[in-house]
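**Student:** Residue strings, one per chain:
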Amino acid sequence: GAVVSQHPSWVICKSGTSVKIECRSLDFQATTMFWYRQFPKQSLMLMATSNEGSKATYEQGVEKDKFLINHASLTLSTLTVTSAHPEDSSFYICSASSDRGKNSPLHFGNGTRLTVT
Amino acid sequence: GNSVTQMEGPVTLSEEAFLTINCTYTATGYPSLFWYVQYPGEGLQLLLKATKADDKGSNKGFEATYRKETTSFHLEKGSVQVSDSAVYFCALSGVTGRRALTFGSGTRLQVQP
Numbered sequence: 001g002a003v004v005s006q007h008p009s010w011v012i013c014k015s016g017t018s019v020k021i022e023c024r025s026l027d028f029q030a031t032t033m034f035w036y037r038q039f040p041k042q043s044l045m046l047m048a049t050s051n052e053g054s055k056a057t058y059e060q061g062v063e064k065d066k067f068l069i070n071h072a073s074l075t076l077s078t079l080t081v082t083s084a085h086p087e088d089s090s091f092y093i094c095s096a097s098s099d100r101g102k103n104s105p106l107h108f109g110n111g112t113r114l115t116v117t
Numbered sequence: 118g119n120s121v122t123q124m125e126g127p128v129t130l131s132e133e134a135f136l137t138i139n140c141t142y143t144a145t146g147y148p149s150l151f152w153y154v155q156y157p158g159e160g161l162q163l164l165l166k167a168t169k170a171d172d173k174g175s176n177k178g179f180e181a182t183y184r185k186e187t188t189s190f191h192l193e194k195g196s197v198q199v200s201d202s203a204v205y206f207c208a209l210s211g212v213t214g215r216r217a218l219t220f221g222s223g224t225r226l227q228v229q230p
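If you read the sequences in order, they're chains A and B. Position 45 of the first sequence, counting from 1, maps to 45 under our numbering, and the rest follow consecutively. To convert a position in the second sequence, counted from 1, into our numbering, add 117.
Check before you lean on any hint, since a few could be wrong.
As the list claims (entries may be wrong) - Using C-beta positions, here's what the derived DEER-type ranges look like:
#1 A:N70 / B:P230: 42 to 50 Å
#2 B:D171 / A:G53: 38 to 46 Å
#3 B:V199 / A:N70: 27 to 35 Å
#4 B:P230 / A:K66: 21 to 29 Å
#5 A:K20 / B:T143: 31 to 39 Å
#6 B:R225 / A:P86: 22 to 30 Å
#7 B:N139 / A:L68: 22 to 30 Å
#8 B:T143 / A:R113: 37 to 45 Å
#9 A:K55 / B:P230: 49 to 57 Å
#10 B:Q227 / A:D27: 32 to 40 Å
#11 B:E186 / A:C13: 25 to 33 Å
#12 B:N139 / A:C13: 35 to 43 Å
Please keep in mind that the hints were generated in silico from the structure rather than gathered at the bench. Nothing here was measured: the structure is a model prediction, and the numbers come from that model. Built from N, CA and C at the ideal position, the CB exists for glycine as well.
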């Protein structure tokens, strides 16, 4: 089946530094990728929608200058958490789909646990 | 706006017990409905889906029926196994062409031998 690889699986960084998380579709071309954030024991909250070759669409309340998303190719999207702070510590998950149909399945990465000290 | 409400967990069952996890939704239009499962240490996997009213999604012994009249999509399994222990998320998409999923809060299932 379709595989989405997310890297790194976990990262610890110091306050003020930036962290990049990669999301790759390994055996299909992902026209759209979604980035989610999951707080402990809570649901996944959509942060932004990333379309290949265009600017990401951010959800209300998500700072676009803090969470930089780049979808430069059909197989790679990156999320960069800039000037990270402890409150950014969370589990970040990407998902991807190969087409734009509303019923086409979304494939999820295994997530990245970010801890900011 | 769109929302999904799931029963709070954890749900603890003995092996071979019957499982029901309730899910109701609020949405304009006609969303597609999904159940995703997250096993410990892994990413989300699609368990089953239904795209229109009265559709029944099924997979690995799990079933859920899209009930428009009650705006529900309850997950059921007749006989759970220890290997079913995981977090289950109900989700919807497709409202007004929006493909991103709106998730419920997740329900942790623990099955004891």
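**Student:** Against each hint, give a clear statement of whether it holds in the structure.
**Tutor:** Do the hints match the structure? See the list:
1. At about 47 Å, the CB distance of N70 of chain A to P230 of chain B agrees with the hint of 42 to 50 Å.
2. A beta carbon spacing of about 39 Å between D171 of chain B and G53 of chain A agrees with the range 38 to 46 Å that was offered as a hint.
3. Between V199 of chain B and N70 of chain A, the C-beta spacing of about 42 Å breaks the proposed range 27 to 35 Å.
4. Distance hint check: the CB atoms of P230 of chain B and K66 of chain A are about 46 Å apart, inconsistent with the given range 21 to 29 Å.
5. K20 of chain A and T143 of chain B have their C-beta atoms about 36 Å apart, which keeps the hinted 31 to 39 Å range intact.
6. At about 26 Å, the CB distance of R225 of chain B to P86 of chain A agrees with the hint of 22 to 30 Å.
7. Checked against the hint of 22 to 30 Å, the pair N139 of chain B and L68 of chain A fails, with Cβ atoms roughly 39 Å apart.
8. Between T143 of chain B and R113 of chain A the C-beta distance comes to about 31 Å, which lies outside the given range of 37 to 45 Å.
9. Range check, K55 of chain A to P230 of chain B: Cβ separation about 51 Å, and the 49 to 57 Å hint holds.
10. A beta carbon spacing of about 34 Å between Q227 of chain B and D27 of chain A agrees with the range 32 to 40 Å that was offered as a hint.
11. At roughly 50 Å, the beta carbons of E186 of chain B and C13 of chain A sit outside the given window of 25 to 33 Å.
12. Between N139 of chain B and C13 of chain A the Cβ separation comes to about 39 Å, which falls inside the hinted range of 35 to 43 Å.
The structure fails to meet hints 3, 4, 7, 8 and 11 from the earlier list, while all remaining hints are met.
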